[in-house]
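Protein chains in written order, with my numbering: chain A, 14 to 142; chain B, 3 to 408.
Bear in mind the hints are in silico, worked out from the structure with no lab data behind them. You may find that some hints are simply not true.
[What the hints assert, rightly or not] Here are some chain B residues the structure puts well away from chain A; computed CB gaps all over 12 Å:
#1 Leu67
#2 His72
#3 Pro92
#4 Gln106
#5 Val109
#6 Ala199
#7 Thr200
#8 Gln211
#9 Ser248
#10 His259
#11 Arg265
#12 Phe270
#13 Asp315
#14 Arg401
[As the list claims (entries may be wrong)] Which chain B residues face chain A? A few, computed with CB under 10 Å, are given here:
#15 Met3
#16 Asp38
#17 Pro150
#18 Gln214
Beta carbons: idealized from backbone N, C-alpha and C, even for Gly.
Below are the chains, spelled out letter by letter.
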Amino acid sequence: MATVHKHPVPTDSYDPKRPLNDLLVAQLAHFKHIARGLATDDRNALPAEPSIDNREGIDRFIAAITGVHVSRKRATPQLVAKPVRRTQTVGLSLAAVAEETPTKNKPAKSNSRAKPKSKVKTDTRGPKR
Amino acid sequence: MPPGLDALRHIVVLMLENRSFDHMLGCLKTKHPQVDGLNGTEAIPDSTGAMVPIQQLAEFRGQLLPDPHHDFASVDYQIFNGDTSPTRTPTMDGFIRIYQKQQQPDVPSSHHVAFTFSEDGANNLPVLQTLATEFAVFNRWFASIPGPTLCNRAFAHYGSSFNNVGMNVFYIPSRFKSIYERLTAAGRTSKLFYYDATSSSLEVVNLLQNEQVMFGTFQNFLDACDANQLPDYSFIEPNYKDHADSNGAMLLATDQHPDNDVRAGEDFIATIYNRIRNNANLWPNTLLLIVYDEHGGLYDHVPTPTLDKSRVDPEFVAQPDATQTGQPFYFDRLGVRVPAMLISPWVQGGSAIPDEFEHASIPATVTERFIPNFDNRQRSIREATANTFLQYLTLDTMRTDCPDFD
């Protein structure tokens with residue numbers, strides 16, 4: 014079949030100041046909602062919440078929040094790569110020791126507490142990818 | 003097993019914004035009678051009762067301002083023309099009247115919601131219309147809800163919108179998992195590709211916030227195609243707004259949401275298709291579904307179907323304060339019909355699929371393919387009972403006559 018030609022898109026179609034449609038208004042509301050739930054450090058690094066008619070401000074705000082998530086994404090494998098294996102080995106040996114000598118229970122418990130639950134959860138996801 | 007199904011490794015879904023089937027593809031019926039489009043005799047009333055013909059006068063931009071309303075109550079009006087009686091039936095003729103109510107005072111542009119693109123005129127859609135006629139077009143793919151974008155997109159990601167019929171922030175009940183989480187748990191791969199950080203994703207609350215590893219940008223998608231590293235399942239979000247990239251280059255919105263330029267969306271569709279089509283390692287084993295999330299307030303002639311009770315989740319109901327119609331909604335009716343097409347060299351060219359589909363068919367199909375023993379208790383009844391579309395990979399030999407775009 015012959016090659017099909019697309020319509021050229023005129024450059025004057027570009028209008029970054031076009032008023033937000035309903036979708037973008039909702040998207041902005043969702044990003045504001047997420048921003049309010051971010052950790053204080055992350056939230057403080059964001060641009061101020063933009064008004065609905067501040068297109069450039071909205072772009073910066075959304076990009077910044079997306080950036081927070083992207084940076085977490087990069088950090089995830091580093092956070093979890095190590096503990097997956099160690100958890101099994103160390104956990105087993107500690108458990109074995111604990112059975113033999115109950116007095117060593119405390120260090121074992123504090124070790125596992127030091128590992129935030131969320132990291133372990135992320136752990137299992139990391140290697141699968 | 004048909005060879006196309008045997009070869010299938012990747013499912014790619016592109017979901018665009020807010021155009022009805024008839025608006026984009028209704029004109030095709032004249033030359034392609036398998037397409038359930040328009041006869042040329044259709045007309046709907048305006049607020050005076052005068053009948054306004056459906057005409058092939060749609061323009062690529064500049065015509066749909068203000069954006070036609072498509073919240074739940076407005077769509078209800080479009081479907082039933084304001085009839086709220088218990089015995090009402092969908093007449094699909096309230097589109098102009100509700101647009102006139104939206105525009106004060108009434109102006110002739112209210113007729114624009116009844117305009118469609120053409121096949122042969124200067125206002126044709128060479129990419130979308132070629133794909134619809136050269137591959138398989140769905141004659142009965144409906145939005146999952148007679149309402150706006152976010153609740154409809156939720157059906158594509160989770161198989162339900164969980165009581166929601168609007169654009170509000172909502173969270174997913176813990177019993178349910180997104181299709182991306184399910185695939186990951188099953189050892190499969192998936193990604194939701196948003197356009198870029200500035201356009202970003204619409205799934206920020208439930209997915210991007212917590213499942214960042216399942217996301218990529220559109221450039222990541224293109225790179226994955228080139229590196230033959232596409233995930234098992236890819237969902238692509240278009241660019242939602244005109245903005246500059248980091249080098250100052252102009253990036254046009256590609257979502258085709260009114261009143262963004264439809265031609266930019268055509269270009270976007272062609273870019274995705276070409277990237278897969280021109281890669282000999284992907285084309286034989288990749289299925290591309292192009293679908294729109296909802297109709298955006300634009301006319302379509304096919305009455306919206308009521309769902310059989312066996313397809314309704316009894317636990318979900320949208321209350322009258324959410325529907326704004328004075329009535330609750332039990333998620334027992336689909337939204338307005340939208341364009342949808344299935345693209346693969348294993349699909350019969352020029353075919354039309356008559357069965358009923360909706361956005362829950364997307365996670366249903368992906369689950370069927372990649373997690374065949376998935377526990378139905380962990381997904382909605384809507385999704386578990388939705389039609390799936392892999393059976394349309396019917397050809398015994400791969401087509402070699404598929405279109406190219408430049």
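Tested hints:
no.	hint	verdict
1	Leu67	9 Å, violated
2	His72	8 Å, violated
3	Pro92	23 Å, holds
4	Gln106	17 Å, holds
5	Val109	18 Å, holds
6	Ala199	4 Å, violated
7	Thr200	5 Å, violated
8	Gln211	6 Å, violated
9	Ser248	10 Å, violated
10	His259	6 Å, violated
11	Arg265	4 Å, violated
12	Phe270	10 Å, violated
13	Asp315	24 Å, holds
14	Arg401	10 Å, violated
15	Met3	27 Å, violated
16	Asp38	23 Å, violated
17	Pro150	7 Å, holds
18	Gln214	4 Å, holds
Hints 1, 2, 6, 7, 8, 9, 10, 11, 12, 14, 15 and 16 from the list above are not met by this structure, while the remaining hints are.
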